[in-house]
Every structure is written in C-alpha cells, then in structure tokens.
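Student: Read left to right, the sequence shown gives residues 374 to 471 (my numbering).
Simulated from the structure, these hints should not be mistaken for laboratory data. For each residue, glycine too, the CB sits at the ideal point set by N, CA and C. There may be inaccurate statements among the hints.
Result set (DMTMM-like, lysine to aspartate or glutamate): computed pairs, CA atoms no more than 20 angstroms apart in a straight line [as the list claims (entries may be wrong)]:
id : residue 1 : residue 2
1  : 442       : 432
2  : 442       : 470
3  : 452       : 470
4  : 430       : 410
5  : 450       : 439
Quick list of the computed label-pair ranges, beta carbon to beta carbon [said to hold, decoys possible]:
id : residue 1 : residue 2 : range
6  : 410       : 432       : 17 to 25 angstroms
7  : 445       : 416       : 49 to 57 angstroms
8  : 460       : 391       : 53 to 61 angstroms
9  : 426       : 390       : 20 to 28 angstroms
10 : 384       : 437       : 52 to 60 angstroms
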Amino acid sequence: MKTLNRDRYYISHITSKGQTTIPRVVRAMLGLKEGSEIAFKPASGGFMMMRVTTTIKEENPYTPKEWKKIERLASAKGKTFHNADAAIKHLHKASIDA
374 MKTLNRDRYY ISHITSKGQT TIPRVVRAML GLKEGSEIAF KPASGGFMMM
424 RVTTTIKEEN PYTPKEWKKI ERLASAKGKT FHNADAAIKH LHKASIDA
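Construct all of the structure, not just a fragment, from the sequences and the given hints.
Tutor: Structure follows, in structure tokens:
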C-alpha cells in the first residue's frame, strides 16, 4: 500500500457498508451534485473516477407496420354482446379463425 502525501491527494475513508464521502473540493472540481452519476475506470495502479451522464435507451419493440395495426385496433369500436355465452362463442370463433 502506498503512503500518500496529503498535500497532493484528497483522501476519504470507506465505511463498513463500503461507502465513502467524495471530498467537497473534488465534488466542486467535477461539478457533482446530489443525484450526479460517477463512473470508475481501471487505471494503472488504481481507478479513475469521472462524472458521467447515462441515458436509458428506449428500444421500440414494434415495427411501423405493427404500430399501425396496434393503433387501428386501439381505435376500433368494440363488439357488444348481450350475454356471456355470446361473448365466449365469439372469442372461440376468433381464436379458430386466427
């Protein structure tokens, strides 16, 4: 383990839960605020810490053709049934035709 000169390094201690406080000077230099994200990258002899911004990439699971069909079905007027038996018959027939 290296002995570091406190005049050249900012030192923080690790808690029993593996947490640490980033020194105020370091937070200011990196522009870190509550909710900021940081990343740790392996570097020679240790790790480099840097501020990062992550984004959630939302992938569209449907093709344009599928979206058209979904929108058409969503806007379609539903069929009305006078009793449960008629609804069940319709569902059964629809599943056979599909």
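Student: Run every hint past the structure and note whether it holds.
Tutor: Hints versus structure:
no.	hint	in the structure
1	442 with 432	holds, 19 angstroms
2	442 with 470	holds, 18 angstroms
3	452 with 470	holds, 17 angstroms
4	430 with 410	holds, 17 angstroms
5	450 with 439	holds, 19 angstroms
6	410 with 432: 17 to 25 angstroms	holds, 21 angstroms
7	445 with 416: 49 to 57 angstroms	holds, 55 angstroms
8	460 with 391: 53 to 61 angstroms	holds, 57 angstroms
9	426 with 390: 20 to 28 angstroms	holds, 26 angstroms
10	384 with 437: 52 to 60 angstroms	holds, 56 angstroms
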